[in-house]
Structure formats: structure tokens, C-alpha cells
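Protein chains in written order, with the numbering used here: chain A, 1 to 313; chain C, 314 to 626; chain L, 627 to 969; chain D, 970 to 1312.
Hints are computed from structural coordinates only; laboratory data are not their basis.
Just so we're clear, the structure is a prediction, and the values are computed from it rather than from any experiment.
Where a beta carbon is used, it is the ideal one built from N, C-alpha and C, also for glycine.
Accuracy of the hints is not assured; some may be wrong.
Said to hold, decoys possible - Here are the simulated distance ranges between beta carbons:
(1) C:Glu558 - L:Gly700: 35 to 41 angstroms
(2) A:Val310 - L:Ser851: 41 to 47 angstroms
(3) L:Ser806 - C:Glu596: 32 to 38 angstroms
(4) C:Lys486 - A:Asn252: 46 to 52 angstroms
(5) A:Glu300 - L:Asp677: 40 to 46 angstroms
(6) A:Val310 - D:Glu1213: 54 to 60 angstroms
(7) C:Pro404 - A:Lys187: 55 to 61 angstroms
(8) D:Glu1213 - L:Lys878: 29 to 35 angstroms
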Amino acid sequence: MLTIRVSEERVIAIYPSDKIQSPVHLSIGQEAVAAGVCRAMRPTDHLHGTYRSHAIYIAKGGDLKGMFAELYGKDAGCARGKGGSMHLVAPEAGLIGCSAIVASTIPVATGDALASRMRKDGRVAVAFFGDGAIDEGVFFESVNFAVLKALPIVYVLENNRYAIHSRVSDRHKQTRLCRLAEGLGLKGRRYNGDDAIAVYRTMSAGLEKARRGAGPVLLEYMTYRGRAHVGLERDFQEAYRYPKEEALTRKNDPIKALAADLVKRWGAKRKALAKIADDVAAEVDAAVSFAEGAAFPAPERLYADVFKEVPPA
Amino acid sequence: MLTIRVSEERVIAIYPSDKIQSPVHLSIGQEAVAAGVCRAMRPTDHLHGTYRSHAIYIAKGGDLKGMFAELYGKDAGCARGKGGSMHLVAPEAGLIGCSAIVASTIPVATGDALASRMRKDGRVAVAFFGDGAIDEGVFFESVNFAVLKALPIVYVLENNRYAIHSRVSDRHKQTRLCRLAEGLGLKGRRYNGDDAIAVYRTMSAGLEKARRGAGPVLLEYMTYRGRAHVGLERDFQEAYRYPKEEALTRKNDPIKALAADLVKRWGAKRKALAKIADDVAAEVDAAVSFAEGAAFPAPERLYADVFKEVPPA
Amino acid sequence: MKTLKYGEAIREALIYAMERDPSVFIMGIGVDDHKAVFGSTKNLVEMFGKDRVFDTPISEGAMTGIAVGAALNGMKPIHVHIRADFLYLAMDQLCNIAAKWHYMFGGKMSVPLVIRAAIGRSWGQGAQHSQSIQSFFMHVPGLKVAMPTTPAEAQGLMLAAIADPNPVILFEHRLLYDLSGHVPDPPAAIAFRLAAVRREGKDVTIVANAYMAVESLKAAEFLESRGISAEVIDPVTLVPLDEETILASVRKTGRLLVVDSGWTSCGVSAEIAALAAEKAWAALRRPIRRIGTAPVTCPVSKPLETAFYPNARTIAAEALALLGLSSANLEVPALTTTFKGPF
Amino acid sequence: MKTLKYGEAIREALIYAMERDPSVFIMGIGVDDHKAVFGSTKNLVEMFGKDRVFDTPISEGAMTGIAVGAALNGMKPIHVHIRADFLYLAMDQLCNIAAKWHYMFGGKMSVPLVIRAAIGRSWGQGAQHSQSIQSFFMHVPGLKVAMPTTPAEAQGLMLAAIADPNPVILFEHRLLYDLSGHVPDPPAAIAFRLAAVRREGKDVTIVANAYMAVESLKAAEFLESRGISAEVIDPVTLVPLDEETILASVRKTGRLLVVDSGWTSCGVSAEIAALAAEKAWAALRRPIRRIGTAPVTCPVSKPLETAFYPNARTIAAEALALLGLSSANLEVPALTTTFKGPF
Ligand SMILES: Cc1ncc(C[n+]2csc(CCOP(=O)(O)OP(=O)(O)O)c2C)c(N)n1
Ligand SMILES: Cc1ncc(C[n+]2csc(CCOP(=O)(O)OP(=O)(O)O)c2C)c(N)n1
Ligand SMILES: [Mg+2]
Ligand SMILES: [Mg+2]
């Protein structure tokens, strides 16, 4: 969680230098969802996400150097500079892809789960998406299929209350989004997405259920976006935000809340936490210098990767 | 209802002559749904349907001559020979269009209702579709929007238990299809679609509710397809049909059932019914001879109608 | 060598691949029913079971994504569409996802997916059930596209598509399913990047694929009777395109007629005409000509429908016009199919 | 006459039409927010109310059908997409429904719908957020398509589109929103079927539209300095296309370079090249050349992204190559936009 925060704060610091030449969708304030969800997953479980991809990439175990190099458009980036911030990928860690088309990885994750069922590989697939994705028809089509075939998938709905500047209530009469798929036979549940430990626990239970063959699971985690939809701004003053909304939705920053909780309920030592913070800062430093030093792709890389080479027969 | 049956039986009789050079999707056995639904609608209410379009065209008051001429591909057809059996249209009677793409007129009808609300024209829009259409994402997207905006629309789901050869249970875990949209806030209801009077009554109530501004309505009518999905065959012997299914779903042909009901419960005279039958036969005869005698479109009609002429500024 | 119909040849390829590779499976509306997609999937559900051959809900958008996801996780889905018209609902998954996953992730991911879609003239199906939209997929980089014409190609390209680690779309013209031809025994894959010289000639090059190649051969026969020697080149794979074979023919004859089963504007025929105008310009002795379906929506009424589609007669007329000859009273048979709906 | 930016000119057209015609309304993701689609819908919700200017759920498929349905029932919807990439989700409604309703019903129905979609180069948006897929809509009959380049055209074609009883798609290249130009006061509709002669010349015809016309003018200026006189023709409306203006220029110069913001294969550039090869062949003195985005998925990494897009420099290089001249050491500015994401 802290790695996500520190990395994204570093992105903010770097951004004005124009070294990151592509838009960034930050998860600042929403880290507990990605952290809890990914921690509950096995490394071999597959995750499919959106353009808001830094948090899940880090949480799922993607290499930090590869992420910063990708943001810098370098050849050493996790997508060799071709994907950028919106399209992080870490197959070795189980992050199968991130898409900038809203809802588009929901069916992809569902098909991943279909393959797992066919192959009996014991994996659970996870589709990670926002409250906007549930507007798209493919969400319902995918859920219908997953329910029909009892697929091992967990649909994780990260509800940060906005799709860009559009409120959930601007788009749905039923604002308790976890209920939207009920008619299809999938009863979702809503949880506090700002409590990393609660996310971890509920997600673990969801994964367990999906893994044992009981069919798909839908979990909605409520959180709040700390920055603008895209870019660095704290746009709380903009007309679209309800005034004081953040304060109403949560008392504390999720990271501070977790730290406090760890100390209070789990007996963590402040010193140990400080050590973690130092380690994280060092790791981020290293990743940034790696990215700075890495090379841009060679010009001929433009034409590479359209097709994968066909293996000899 | 009888006009639908007699017309389609005439289609069957004509078909081997190759005068109708396009596929036909018959509603034989399903007539009560179209008849009850359309009778409940006002002539000014708008209807949007599918390729299985003869029944709703007739029931909504489309001109029979125009229909047969259309099946014959004649210029006097309701779509000037360009649409054929799957694309009947009768704007003067409120049939706005029929599409061969499953579910594609569901959003169109929804937009029609949006316009009615904006224009305050007092119309209700009706989307008429099969149990296959509810598989498509646009169904859910459309319902979501209609619920959100409380649009004056009735969604009529004609459930004939099959989408081509695919059973409802092959495609949905929740086979009570009227429940599929519940999560979106639209509670549907299921009725017997083989009882024309029951259809008429429930549809009237649905229209009334939609018209008074209480938002969308979803009505599922259960019926059974008397012929193959497309074409003339009685394909009851084919593997996909449950044996004896028709007998299990209903005791009587819907038209015979209505006739019996009219006599028994409503005091209709057998003689009056016989007169109706004679009139219908004569009307169908006249329509067929009209179609036979009508001219094919002139060759240059191929290039007409791509765009409507722009009115002078 | 044996003789099979096009649909049977596809079926044999599917069986061949499914017997050897447990990751291959078939999904799509009607693949397990008694009509079996023109017979091409006949009895496969009995042979391979419901897990490997299954009907789907009518949800083209998500089902395409589901096929992509299964492909990403080690399976080899073959997603079947009885009409290419339904691909409009799958465009996002095909063009934004399948086509881009390999490139966008710098080569790390790949989507070994096969799409089959029937195109072309049918029988009074009209506006929404007869479209040939192959050019869309030739426009967006990242998809391999083929339009097999012969049973051997249908079989060989199916095997190649299944072996390919990339998304491949196979367009099957519905008037071809019943045509017979020799196929190798056992089935053999055919490498992508294939343009077949269907007939050699020296006066004019007719580039035409799938069913249009069949009609073009009839036109060429007729032209022969008028003393004109037409070469018929069939660009069987559109992506990658065997440019050299096309260009070599144009350089030889100096005259090019392009025929396609789709619309001409921004169509396959536009691309091939543009290619020749770029790369074989110096050899051209006459303006290029193109023919496709009329630039209108497909009508149902028989006389209009007949005029909508290119056929041997209109192809021959175009070739004659290209050569500056009159095309009055052509006795070429207009269409020789016995195909009669509904599919 | 007054001077407005492209985005402002669109906004004024919208206001002008909405004040006069109560059936006009605007729908689309973000049309009512403070970013207001590059300012083009700024304050319209305050001026015309939430019923006539509204945000939608992220449901491009149904929302397009809803716009079609509203159009069929007497309204005039303007459906806005901040990226054309999202149109892949609307293809069924656009191509199977909107494009076909008039023809398929023999002229009885019509769909007076306006679609606005932003295309083109942006800033590190990559694979799925920068596509220019105008050619799809030039392929399927029944849709009018324009790509306005100047503020006056953006305004005039918007008014024409609103007055048109057919579905019209307006593609707006995002690098144009900030460019200024004269517009008539009051706003005036511009009839469809327009190719503008942006610059007269005699040695080579460059056909290029929208932002590519801007880059081509820069290239032409540079060419001028080398003594080459380039004519720049902008096919502002793609459907219907003003073929005559294009062909007249080609006949004059005998040399054709086609530039488009999309991919070349089966693209707009293929169509225009094919058109010239058919109808102006006799006048051609050199092979036709085409240039568009590289035949790959759009990459994010800056050096690759820069090489992906055509620009004044690469256009000039193509023109020089067409004329058989060397293009070493071009000092044309590569790109002169200050645009910087995210939209
Ligand atoms: C199909 C599609 N339509 C529209 C967009 C434009 N868009 C980008 S992000 C976004 C909002 C998505 O909101 P949500 O799913 O809640 O995710 P969040 O950004 O809040 O994480 C929209 C509409 C898109 N990317 N894809
Ligand atoms: C989008 C789309 N996918 C597939 C088809 C092929 N198809 C034609 S009819 C049909 C079944 C539809 O069944 P249903 O909605 O129950 O209507 P019914 O034919 O039973 O009246 C299918 C799958 C189609 N026309 N459109
Ligand atoms: Mg959100
Ligand atoms: Mg049905």
C-alpha cells in the first residue's frame, strides 16, 4: 500500500519535468482496495485491470523498475514502452493486462476463468474495475455467462463514486451497485474499501468460494478518489464533487488508518513501520533511477510486435 | 389473431412456388402475444420489433396488402420490396421498424420513449423481442437508462422457449427471465402468452403505468413456437425440442382457445366467429392477389433511398 | 488426396486439431445444433463433449472477450459466427483488445484466437444478414485475416490459424460451403501470406477472392471465348497480403480489375487498387477498375438483390470495359448457385 | 465575420441550433462537466437545462440506439464521444441500424442523428485512445461523414449535420480544437460534398484532411522553398465525397500524395488513391503515394509515438520522393502543437 502511495507521489513529483509523457490515473486514496485484493490472491491467480493500473500492478507484485521504466517510455518498461501508464502488465506476477476501454477486461477475465475451469489449473481470475464499468452491457453478459458456467472468478468493483465527473446516481437508479447483477443470479456484497484488512478478509473469502467451484463472486469496495480522474490535481473544488464529500466518506486516509490499526490492534512497532517506509522510499528511488538511466526503444521497435512469430510446425 | 394465422398459413402455401424469395420466421402458435399486446396499444403508440415481424405488423394495424407485396419483393410492399419479411414497417400504424439483429431495437425503442418524454406526446414505446434478446448487453444498458430516466416504455419479452435451437436454460441460470433486470430496479412479471385476453389485460395495465410516468415495465409472455425457427417446417422431431413439450406447455392452440373462450365466457355466437373467419380469408385472398399483380421495383430503385433528401434551407 | 466439400474440409480440420491438441475448443451460437453451421461442426459435440463444443448466449461482445481471455490462459478458442454481420457487436473486443494485446504489451502477451464468420450473398437475407465486412479487419493492425476459397485452403488455413499464436479471422463465403475439391490426406496447414494464381492469362489481371474468385473464373472462361486471356489472382490471405504475386501479375498484364464481395469504398478492392497504383504504376496500361456490391444497403427484392451483387456477367463486362471493348449481349451465366436460405 | 477557435465555433453552432430548434439535444459522456468536451459544450447545460444537455451511463451500444430511437420519434440528438475509439462499441447501432433504416424501409423511415467523435494524435494516449477510424464509416453506405478542418467548417458542417435528415458523423481531430479562424456571423451551414482547395499548386497534389491538412500546408510551405509548388486538397466531407475537385487537381498536377490520420490499409487514403487510379489514371505522371499512421498499434513511448504519426516533415519527404528528389536534411518543423493530454 505504501509502495503505491510513495510511487504515485513520486510520479506527481516527476510529472512536471515531462519525463512521463502520457496521462496518469492515480489511485491515491484508493490503495487499500488494490492492496487487500491482491494480497488475498495467489501469485498464480490472474488479474485483469483498467487504465488506473499502478496500484494493482504494484500490489500484485509487478516489478517497480519495470513500472517506472514503462512510465518513462523506456525499452526496459514492463510493456517495453509501448503501453505506458494505462497498460501495465506483469504476466510473471499474474497481472495479465490493463485496458483503457471501460469494462473491456471484464469479459476477458471471465474467459480466463473459463480456461481455468477447462484446464483445472486451480486458478481464480479477478476482474478489477470501477463503478463506471458496471454501466457497460458486457458486464451483464459476462456475469450471465460466469453464473451459467459457475466459473472461478471474482468481480471486484472499486467504487470511488465517480466515473470521471459522473456520479453513480447520474448513471444508475440503483446506486447500490453490488445489487445490479442480482437478477442474473449473482448476489454481490458491498464492503468498506478503505480498510485494507477488511478488504483482504472479504476478498480471501470470495476467492475461496470461487476456487472451490461455487461460481462467481462480486465484491464492491467503497472508496474515494484523492486526485482528479486523470492527472495530478486535487480537484476537490470542482463543481462535480460534493463539498466535504471526502470527509463524509471516511475519517482518515486509508494508509494512516492501516498504520494506526497495525499499531493499536496488531501490536506493530512504530519503528518497524518507519523501517518499512524507509525501505519503500529506497525501492522507489532505485526504480526511478533505473527508469532515468534506461534507454528508449530503438526506432525499429515501432514495427515489432504486431504479430507474434509463428512457431515452426 | 386469426388474420395472422391465416396469413402465415398462406405464406406456407405460397412458399414452395418461390414467389417469396427470402426467409420467413413464422409466429404460428404465438399469435396471442402479438394480438394482445398490440390491441392494448394506442394506434399512436410506437412499436419496435424483430425479424419475426408478420404477427406484430398485422396486429398493430399494418396494411395486409403492403405486407404480402413486401414478401413478394414488390415495389408496393410496405418497405418497397427492400426490407422483405424480416423488415416490415408501418409508421402510419405505429410500427416503427423491425430488425434482424437480435436485441437491436431494444435501445431504439428506449430512445423513442425518451423522445416521447421530451416531447410530452403521450406515447408509450414498446420493444417487442424474444427470449434470446435478453442475452445481449444492450438489453441491460437500455433498461438501466429507462429506469434512470423513468421512461414511458414497455419491454415485451415473448418467451417461446428457444433462441433458434438453444433453450433458455442453455443460456441462463436464472430461467425466469422477467427477473433478469431486477437488480437494475425493474421488476418484471411473467404471464401466460397463449391467452390473448390475459395478454391484453396485463399489457393494458403495463401501458397505463408507463404512460402515467411510473417508469418502464417489463412483461414476459410464455408461449411456444409452432414451426421451425425459420422456414415452414414443424420441426418437433428434431433433437433440440423436448419431446411432447408443446403438449406440456399448453392444452390448446391459442386461437382455438380464444374462440372457445369467446363463446363460453363472452357469449359470442359461433356464426359471428365463422363470419370473421370468412372475412379474414377474403382479406388475405385480396392481399395475395394484390401482391401477385404488383410490379417489382424499377432497376434504378437499387440506388435510391441511401440518403433522404436534405430539405432546402 | 480425397474430395470434400468446403464445409466438410473445415470440419475435418477441426477434428484433426481437436484430436491432437486438447486446448482447442469451439464456441458459438448453434455450433452444437443439428444444422451445425453448414455442417462444419457436425457431430463434434458428440465426439468431443459439451465442454469443448458449446453454444453460447447471444452476447457477441462478451463472448468475444471470453474467447480472448481463454486464449490468454492457455486455451485455443475457435469462435464461430454464422454471419459476419454480428461482428459489429464484437468490434471492441476484436479491434481494441485482441488486435492490440501483443503490441501494446511489448510482445509479452498474445491472443491465439480463431474467429470464423460467414459472409456474402445469401438468399433474400437483406440488409443485416449478408454483409462482407472483411475490410475492417484489414484496416486495424494486429489481426490476421484470410478468406479461403477452396476446400483445401479452408482446411489448411484453419489448421494454420489454430497453430498461430495471434488472433486470426477466417471469413467463409456461404456460397462456398457446398463446393467440392481435393484436400490432402492427412490435412496439412497452409502458411499465411498466400495469393493463389487461379488461372494464368496475359491480357488482364482479375484480383478476386473467395466466392468472387469462383465467379471470376467463370468470367475468365467467357472472356477466353472472346479471345481475351484473363489471369485470376486470389489473395487468399488478406493479412498478411502476398503483394508480390498480385503485383507480378499486374506487371505482366498491365491491366487490373479488382473484385470483392464487399463494398468498394475503403474496401479490400480499394486497398488492392491503391497498392497497384503505388507499386505497379509504371506497368499499368489502362485505368484500374473495381467492382463490389453496389454502394447501397442490400435489398431483398429479387431483381434488386441480383443487381446488388457482382457476378460472372458483371465481372466480364468490367473486364471488357477495361480493355475498351463493348459488353453488349454477354451470355455469361449470371449466377450458378443452388443456394437457398435461410443461412 | 469573427474569429473563433474550432471548439468555440462548434459551441456557437450548437447554441445557434438549440435556440432555434427545440428538438435538438446533446447527450454523451462528459458533455455537461466542467471540461465540456474541449470546451465545445461549455455552459450549455446551464443555458438549455439538463433535459437537453445530459451525461449518459457508459453504455455506448445502447446510448447510440437510444439516440437513433429519439431521432425516429422527432428529436435531433447530437451524441458526443470524446474518443472515436469508443465507437467500436456502437458499431452495431451505427452500421446495422442507423445506416440502414432509411434504405431498408424503402425510404419510409429516417434517422436524423448527429455523432461527434474526436480522433487523432493526442499525447501518450497509446493503443486504445487515439484511433482515427473514419474509414469504417466511409465503407458502410448510409452514413454521411465529415472531418471539418477549420473553425468555419466545424461550425457550418455542424449546422448542416443538424439540418440533415440522415445520420451524420463528424470527426473532430483533437489537435484542431485550439486553432483559430474566421467564422461567418451569424453562423451559416455548409452543404455536404465539399473538398476545399487549401492551397493551389501545380507540381503535386497533396490530398489531406483535418489535422493532416494543417501539416500538409506546412509541408507545402517548405516545398515552396525548394521550388516545388504543391496543391493541397482537403476532402472535408468524406461521404458524399467531392470527387471532382480531387480529380481536377490530380489531372492538373499529374502527381498524387494522399495523407490520412488513420491507417492506410483499406483506409481513406486507399479509397482516394483507388479513385485517382480509376478516374484520373491517364493524367498520372508518377506512382501514387500514401501516408498514414504506421501499420501498427499506437505506442506510448515518445520516440516511437513520434515516428508513428505523419507530420509535415514526413509529408514533405513523401512529396519529394514522389518527385524523385532526395529528402535528406529536411528542416521542416516536425510538429508544432502545444497539445498536452489527457484528452
Ligand atoms: C468504453 C469507454 N467509454 C468511455 C471511456 C472514457 N472513460 C475513461 S475512464 C471513464 C470513467 C470510468 O470510471 P470508473 O469505471 O468508475 O473508473 P475510475 O476511473 O473511477 O477508476 C470513462 C467514461 C472509456 N475509456 N471507455
Ligand atoms: C446479434 C445477433 N446474433 C445472432 C443472431 C442469429 N439469430 C437470429 S434469430 C436468433 C434467436 C433469437 O431468439 P429469440 O430472441 O428468442 O427470438 P425468436 O426467434 O425465438 O422469436 C439468433 C441467435 C442475430 N440475428 N443477431
Ligand atoms: Mg469510478
Ligand atoms: Mg425465442
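Quick rundown of the hints versus the structure:
no.: 1; hint: C:Glu558 - L:Gly700: 35 to 41 angstroms; in the structure: 39 angstroms, holds
no.: 2; hint: A:Val310 - L:Ser851: 41 to 47 angstroms; in the structure: 43 angstroms, holds
no.: 3; hint: L:Ser806 - C:Glu596: 32 to 38 angstroms; in the structure: 48 angstroms, violated
no.: 4; hint: C:Lys486 - A:Asn252: 46 to 52 angstroms; in the structure: 41 angstroms, violated
no.: 5; hint: A:Glu300 - L:Asp677: 40 to 46 angstroms; in the structure: 43 angstroms, holds
no.: 6; hint: A:Val310 - D:Glu1213: 54 to 60 angstroms; in the structure: 46 angstroms, violated
no.: 7; hint: C:Pro404 - A:Lys187: 55 to 61 angstroms; in the structure: 44 angstroms, violated
no.: 8; hint: D:Glu1213 - L:Lys878: 29 to 35 angstroms; in the structure: 33 angstroms, holds
Checked against the numbered hints above, the structure violates hints 3, 4, 6, 7; every other hint is satisfied.
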